[in-house]
Amino acid sequence: MTPLTGYLLVAALLFAIGLAGALTRRNAILVLIGIELMLNAANLNLIAFWRYSPHPEALTGMMFAIFSIAVAAAEAAVGLGLVISIHRHTHTTDLDQMNRMKG
Amino acid sequence: MSLAFYLIAGLSVAGALAAVLLKNTVHCALALTVAFAGLALLFLQLDAQFAGFAQILVYIGAVAILVVFAILLTRGSETPRHIYSRNPLIGLVIAAAIFAVFGWAILNSTSSLPNQSAKPTVTVMDIGNALMGRYILPLEIVALLLTAALIGAVIVAMHEKDGAQ
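Chains A and B supply the protein sequences, listed in that same order.
With the numbering used here as the guide, the letters of the first sequence map in order to residues 978 to 1080.
With the numbering used here as the guide, the letters of the second sequence map in order to residues 454 to 618.
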C-alpha cells in the first residue's frame, strides 16, 4: 500500500462517517458536525494529492485546501446562525419536528 | 506507512466516530475537536505545515467553539429520548455503500502520480507570494465571502424585538 492510498482510505472513511452522521442524527447541530467532517475529508484528499504530485511547488492543491478551509468556516458560521434563529422560532433543534416552511 | 500515520489516522477516525455516535451533544463537540486535531496532525505528516496550523486555528479555534456556543444557546446539551432519525438504517446503508465505492476505486486504481519520497520544499513565504500574486483574485473573493458570511450570520442570529418584523 502506497502512502497516498493510505491517506485516501482514511479520507474516504472520514467522509463516510460524516455522511452517516449527517443522514442519521436528529439534532441539526450534529448534522452540521457531519458536514464539517465531510469537508475536512475532502481537504485531506487535496493535501495528499498535493504532497504526492509531480510539482508540489506549483501549490495548486495547497491553495485549493486553504480556500476550502475559509469557505467551510463561512459555512459553519452561517449554518449555526440559522440553527440558532430556527431554535428561537420553533424552540427545537430536532429536524423531524421542523416540518413547516412558515416561521 | 509509518507507525505515526496509523496512530494519527486511528485518533482522527476514533474522534469522528465518537462525534457522530455519542449521545450527549457537548461530548460530540469535544470529540469533533479531537477529530480536527487528528486531521491537523495528518496535514503536518504530509509536510503541509501552513495548512496544518490553519486547520488548528480555524477549526479547533473557531468552528469547534462556534459549535459549543450553538449547543449552549439552543439547550442542545439536554439529551433527548431519540438521537437518531426514524430510519437510521437507510443512512447507514448509503454511507457504507459510498465508502465501499470509494475504497474499491482507491484500491483498484494505479496511481499515475510518482510516489516521490522527497519532501516538497514549500515555505510559508512561497504560499504568501502565491496568494498575493497568482491567486490574488480568489483571495479577494474569499475576503468578500467571509465578510458577507460574518454579517449574514450576525443578522440571521440577531435577536428580533417582539412585534418587529
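Worth flagging that the hints you see were computed from the coordinates, not collected in a lab.
Just so you know, even glycine gets a beta-carbon here, dropped at the ideal spot from N, CA and C.
Be a bit skeptical, because a hint or two may be false.
[To be verified] Coverage of chain A stretches by chain B, computed from C-beta distances (three or more under 8 Å per stretch; other residues unrestricted):
| no. | segment |
| --- | --- |
| 1 | 981–994 |
| 2 | 1001–1014 |
| 3 | 1029–1039 |
| 4 | 1049–1056 |
| 5 | 1062–1070 |
Problem set entry | Cβ contact check, 8 Å cutoff: the segment 1062–1070 of chain A against chain B, three residues minimum | holds (count 4)
For this session: Examine the segment 1049–1056 of chain A: at least three residues should have C-beta closer than 8 Å to a C-beta of chain B.
Result: holds (count 7)
For this session: Verify the coverage statement for the segment 1029–1039 of chain A against chain B, using a C-beta to C-beta distance below 8 Å and requiring 3 or more qualifying residues.
Result: Our answer is that it holds, as 7 residues pass the Cβ test (under 8 Å) against chain B, meeting three.
For this session: Test coverage of the segment 981–994 of chain A by chain B using CB-CB distances below 8 Å; three residues minimum.
Result: With 13 residues in contact (Cβ-Cβ under 8 Å with chain B), the coverage given for the segment 981–994 of chain A holds.
Exercise. In terms of beta carbon proximity below 8 Å, does the segment 1001–1014 of chain A have 3 or more residues touching chain B?
Worked result: Since 11 is at least three, the answer is holds.
When the structure is compared with the earlier hints, no violation turns up for any of them.
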